[in-house]
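S.K.: For the protein sequence lines, the chains are A and B, in the order given.
Note that the numbering used here has the first sequence beginning at 1, numbered continuously upward.
Note that the numbering used here has the second sequence beginning at 1001, numbered continuously upward.
No wet-lab data here; the hints were simulated from the structure.
Keep in mind that the hints are not guaranteed to be accurate.
Derived pair list, reagent style EDC-like, types lysine to aspartate or glutamate, alpha-carbon separation capped at 16 Å [claimed, not checked]:
(1) A:218 to A:242
(2) A:131 to B:1085
(3) A:81 to A:156
(4) A:81 to A:69
(5) A:131 to B:1086
(6) A:466 to A:422
(7) A:131 to B:1084
(8) A:484 to A:422
(9) A:81 to A:287
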Amino acid sequence: MPYQVVIGLEVHAELQTRSKMFCACAVVDPTQAAPNTAVCPICLGMPGVLPVVNQAAVELALRVALALDCQVAASSLFARKNYFYPDLPKGYQISQYEQPLAVNGRLPILTSQGERIVRIRRVHLEEDTGKLTHIQRGAESYSLVDLNRAGIPLLEEVSEPDLRSVEDARTYAEGLRALLRRVGASSGDMEKGAIRFEANVSLRPAGSDELGTRVEIKNLNSFRAMESAIRDQVARQSATLDAGGQVQQETLGWDDLNNTTFSQRSKEEAHDYRYFPEPDLPPLAVDDVWQARVRAALPELPHAQLQRFMTQYDLPETDARLLTEDAATAAYFDHLAAPQHGIAPRAAANWLLGEVFAWLNQTGGGMGSLPLTPAGLAELVRLQEDGTVNLPTAKRVLASMLESGRGAGEIIAQEGLSQVSDGELIAGLVHQVLDEHSHELAAYLSGKDTLVNWFFGQVMRLAGGKANPAVVRQELERQLHSKKA
Amino acid sequence: MSLTLAEVEHIAALARLELTPEEKERFRAQLSAILDYADRLQAVETSDIPPTSSVLPPHSALRPDEPRPGLSLGEALTNAPLTEDDQFRVPPVLE
């Protein structure tokens, strides 16, 4: 039976603040810091302490909420989510429940099916939990707890079940991550666990409007894990339904190593959270002035920028995506392709995504480390486009520019790299090559057509790489043709 | 409002408490009495009163985002019954 997949995603993103959500402990890189060195009585859950909300966390959360077109509550409430688990020593997590910071947002995404709007149910603030390491030593089994991460501000974005495929889920998750990074709310660094996902997956008969029983999968720490987990669920649930069975509503964990889900029953039994309003915190007030200020300062958002790059510069979606992945690259491209530089946007994109990205990958730096202004790169692209240098030479010039910081024109003039397009000169070179390789010429004439490329290579070599390849090829074909006759 | 024994057992499990049969019965009676007391609120006429989610006025008592030193590692771990590798050591939590 054909089924429709219905997916909702919860995305948890650590906010990029300097201090924690409810205490002044420093936010440290969890992969670098020594355990339990950024903790205090508040995040250790000691008696008699009081949480105080971090202003910057609210500011960043507002940016995300407004970028997602949410309605922001003038007054939102913090709540205690009660559960006993050693990742939070208080015995509860401070979260938001009944009155979240923001509701009813939307994120447009561009999939192979066209533009889609994914509705955002809510955006709320909470605190991250500590890190547990499970130790098995012989028969002995225990856990170690590092609370550096406990209390780092966390923003949760909950989508409506509007996603209909693995591709939708991935595109939405990537789009949300791009937005979080663009507004400066989160590093988006998946390797360091700055973003995690939970997926709700259900199936229903194709054409039906009712929602099927959903399974919740937690512990998804990468796009790959999220995709695998959804595929796994779709396979399991359709097998169950095909066999006439019923899907059980349950919460599963994702085991990244074995690519499979595991039951979280023991944790699930504790999912009777007994939420109640946090008595230690007053309702959080966000007035219109604050909202208006944050809204006015929002940068161009990734989705809008993607569409602009595709229309304004007539770029294919894949190129536009790569160019708008981070703000620095997008800004660089806007300068590079500016009309005053007089270069074709597609050529500009090819250079930036090809040679320049390759160089950045090699050096391991970001756009900020590029020792080349958009105007400098534009000059080179122009000199290649107008035929002053051929493509291989232009690539060599770029390498030299990146190494020395000199301009393209200067390098070409000083090193005599201008392309030779002089027909007579090139005819002489072709003649010389054919003359000196009578053996290969004979082979060619007796039918070994592929040798034409070899001859081409020889001519280019003789010209020191500076010959105009189109002129060379034309001349070569002309002379070979006349030999055949 | 009277709690069942099963409800008491569920609450005890959530609180990670192991209760004897006598304790279960005693707490069932005590917790039921507390609920009865709170239940008296139901008698108040509230149809004309807007829902109140907090008795505190909403405001922005916010803290500037400035890190300050917390506890030293030694102070942080000092009350822990068991530690290992500068971490709190606890019974296994994932089966």
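S.K.: Against each hint, give a clear statement of whether it holds in the structure.
M.R.: Now the hints, each set against the structure:
1. A:218 to A:242: violated (25 Å)
2. A:131 to B:1085: Since the Cα atoms of residue 131 of chain A and residue 1085 of chain B sit roughly 14 Å apart, the hinted pair holds (cutoff 16 Å).
3. A:81 to A:156: holds (14 Å)
4. A:81 to A:69: Distance ~27 Å between residue 81 of chain A and residue 69 of chain A Cα, so the pair is violated.
5. A:131 to B:1086: holds (13 Å)
6. A:466 to A:422: holds (11 Å)
7. A:131 to B:1084: Cα-Cα ~14 Å, so holds.
8. A:484 to A:422: Roughly 25 Å between the alpha carbons, so the hint for residue 484 of chain A and residue 422 of chain A is violated.
9. A:81 to A:287: Violated, at about 26 Å.
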